[in-house]
Amino acid sequence: MIPSSSHYGVPNNAGCSNLSTGSSSPQGSDILSLRSMAVDEDITNPNALINLQVFVPELQIQKCLTVCLDDLVWDIKRKLFESLPHTLPQSFNFGLFLPPCDGRAGKFLLEDRPIRDYPFHDCVPYVELKFKKRVYKMLKLDEKSLKHLHSKSNIKKFMDYISNRNAEKVEKMCSQGLDPNFHDSQGDTPLTLASGIPNNRDVLVQLVGGGAHLDFRNSEGQTGMHKAAFLSITDNVKTLLELGASPNYKDPIGLTPLYYNMLTADSSPEVAEMLLSEAADLTIRDMHANEALHQACKNGLAKHIEHLLYYGGNINVQNVNGNTPLHVCAVNNRPECARVLLFRGCDYKITNKQGQTALHVAHIVNNLAVAEVIQSHNPQNTATDYLTTPRPSTYASRQIEGNIMDFLISLFACPLRRE
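Each step along the sequence shown adds one to the number in my numbering, with nothing skipped, and position 49 is 49.
Watch out, some of these pointers could steer you wrong.
Unchecked claim - FRET-style restraints, in silico, Cβ to Cβ:
1. TYR386 to GLN176: 29 to 37 Å
2. PRO379 to GLN354: 23 to 31 Å
3. ARG113 to THR283: 46 to 54 Å
4. TYR386 to ASP266: 41 to 49 Å
5. LYS157 to THR384: 29 to 37 Å
As the list claims (entries may be wrong) - Below, computed lysine-lysine pairings styled on DSS-like, alpha-carbon distance capped at 25 Å:
6. LYS156 to LYS144
7. LYS79 to LYS133
8. LYS152 to LYS172
9. LYS144 to LYS79
10. LYS107 to LYS157
11. LYS169 to LYS130
12. LYS156 to LYS133
13. LYS156 to LYS132
14. LYS157 to LYS169
15. LYS132 to LYS169
16. LYS147 to LYS137
17. LYS79 to LYS63
18. LYS157 to LYS147
19. LYS169 to LYS152
20. LYS147 to LYS169
21. LYS147 to LYS133
22. LYS169 to LYS137
23. LYS79 to LYS132
I should point out that these hints are in silico values taken from the structure, not numbers from a laboratory.
All C-beta atoms, glycine included, are put in the ideal place defined by N, C-alpha and C.
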């Protein structure tokens with residue numbers, strides 16, 4: 001089952017005092033005063049701060065947050081939500097929108113990027129917190145035609161095209177101006193629906209090229225990447241990564257696609273390796289402080305364990321009860337996983353908060369196969385070093401301003417451009 005509850009960690013940076021309610025675009029002397037607060041002089045300093053002005057149209061309030069330039073957009077957004085007087089519905093689908101500035105088109109900031117990736121030193125450090133929608137880039141926009149295009153019947157038709165892998169029809173409706181960032185009656189988004197259908201590369205490409213936000217979440221707060229990783233649809237995970245999706249998108253309880261990939265016993269190790277090679281965060285924990293490695297041991301995913309350790313996972317990490325991955329193997333009778341952990345040098349003498357080693361636990365729950373593996377282990381028979389080093393990321397190194405949307409749109413000749 002997909003997990004449903006936990007606690008968010010929010011950066012400890014203290015925000016500035018609230019600013020007065022105003023319009024979404026500061027003018028006149030306001031711009032001069034905002035420019036004076038822009039960024040620390042040395043923006044190369046990892047501790048450099050920025051005073052970020054944020055307008056929230058739905059609440060008609062404006063706030064100022066002091067954030068570190070290396071803070072992720074996701075964490076800044078969560079910090080902002082904590083400071084708002086009212087809760088926003090589907091807050092996970094609100095994004096920080098950078099309005100058009102200095103000849104650049106407006107765009108939603110990518111959640112997995114540090115704020116320093118955006119050119120606030122060139123203009124007023126000002127963003128808007130808005131519900132994510134398609135960003136249209138055209139001179140004439142027929143509002144009446146767009147409203148008709150988004151009728152219930154057309155929305156249903158669009159989702160049917162996705163279900164039937166009809167990329168041509170999907171492209172046609174997007175080129176007419178349909179915004180693919182919405183929820184159907186089941187709570188799915190076009191991208192999460194498409195991500196759960198095997199061999200669906202063409203539809204995924206057309207959706208993203210047609211304005212679908214890769215981090216737009218379904219009603220349960222999961223992105224397309226969460227869905228594809230959970231279902232172990234290798235081709236879709238690969239396609240989403242190629243399109244610029246992050247392996248570190250978080251659901252409303254802070255869990256990432258890598259964690260989701262560890263939740264079923266039939267999970268694909270190839271998907272795990274793809275996510276890890278793109279710098280998936282190994283330290284994400286659930287409400288019980290279990291990491292992906294704990295979940296892999298619980299579900300008997302021995303190959304996943306090898307991948308996690310190869311990419312730097314903590315082999316002796318403990319959850320809230322003090323249980324290590326080896327303890328989890330003992331509880332769930334996973335001798336093959338225990339054998340991998342021992343061969344890779346785990347500390348089998350660690351005790352949990354009840355003072356029990358993994359061997360004690362194996363005997364208590366009568367999982368004698370795991371007990372035998374631990375008892376027969378020769379400490380000298382370990383291999384903690386790997387013969388090769390993890391390969392560098394294939395997609396993550398692309399610069400943010402080398403916008404992949406331009407590449408996609410040029411390929412598929414979509415008349416409505418998005419940044």
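To see whether the hints hold, each was checked on the structure:
Between TYR386 and GLN176 the Cβ separation comes to about 51 Å, which falls outside the hinted range of 29 to 37 Å. The hinted window of 23 to 31 Å between PRO379 and GLN354 holds, with their beta carbons roughly 24 Å apart. Distance hint check for ARG113 and THR283: the Cβ-Cβ separation is about 19 Å, which falls outside the suggested range of 46 to 54 Å. Range check, TYR386 to ASP266: about 26 Å between beta-carbon atoms, so the 41 to 49 Å window is missed.
Hint check: LYS157 to THR384, Cβ distance near 56 Å, so the stated range 29 to 37 Å is violated. Taken as a hint, the LYS156 and LYS144 pair is honoured in the structure, with Cα atoms around 19 Å apart against an allowance of 25 Å. Of the pairs offered as hints, the one joining LYS79 and LYS133 holds, with about 22 Å between alpha carbons and a cut-off of 25 Å not exceeded. As the CA atoms of LYS152 and LYS172 are separated by approximately 17 Å, the hinted pair is consistent with the 25 Å bound.
Of the pairs offered as hints, the one joining LYS144 and LYS79 is violated, with about 37 Å between alpha carbons and a cut-off of 25 Å exceeded. With a CA separation close to 28 Å, the supplied pair LYS107 and LYS157 exceeds the 25 Å bound. Under the criterion of a C-alpha separation no larger than 25 Å, the hint pairing LYS169 with LYS130 is inconsistent with the structure, at around 29 Å. The suggested pairing of LYS156 with LYS133 holds, with an alpha-carbon distance near 18 Å, which does not exceed 25 Å.
Our distance criterion of 25 Å between C-alpha atoms is met by LYS156 and LYS132, whose separation comes to about 20 Å. Under the criterion of a C-alpha separation no larger than 25 Å, the hint pairing LYS157 with LYS169 is consistent with the structure, at around 10 Å. Distance check on the hinted pair: LYS132 and LYS169 sit about 23 Å apart at the alpha-carbon level, within 25 Å; holds. Only pairs whose Cα atoms come within 25 Å are accepted, and LYS147 paired with LYS137 is accepted, the gap being roughly 17 Å.
Distance restraint check for LYS79 and LYS63: the Cα-Cα separation of roughly 12 Å lies within the 25 Å cut-off, and the hinted pair is therefore satisfied. Of the supplied pair hints, the one linking LYS157 and LYS147 holds, its CA atoms being roughly 15 Å apart against a limit of 25 Å. Restraint check for LYS169 and LYS152: the C-alpha separation of about 17 Å stays at or below 25 Å, so the hint holds. Annotation: proposed proximity of LYS147 to LYS169 holds, straight-line Cα distance about 19 Å (limit 25 Å).
Between the alpha carbons of LYS147 and LYS133 the distance comes to roughly 14 Å, so the proposed pair stays at or under 25 Å and holds. Between the alpha carbons of LYS169 and LYS137 the distance comes to roughly 21 Å, so the proposed pair stays at or under 25 Å and holds. The straight-line distance between the Cα atoms of LYS79 and LYS132 is roughly 18 Å, inside the 25 Å bound, and the hint therefore holds.
When each numbered hint is compared with the structure, violations occur for hints 1, 3, 4, 5, 9, 10 and 11.
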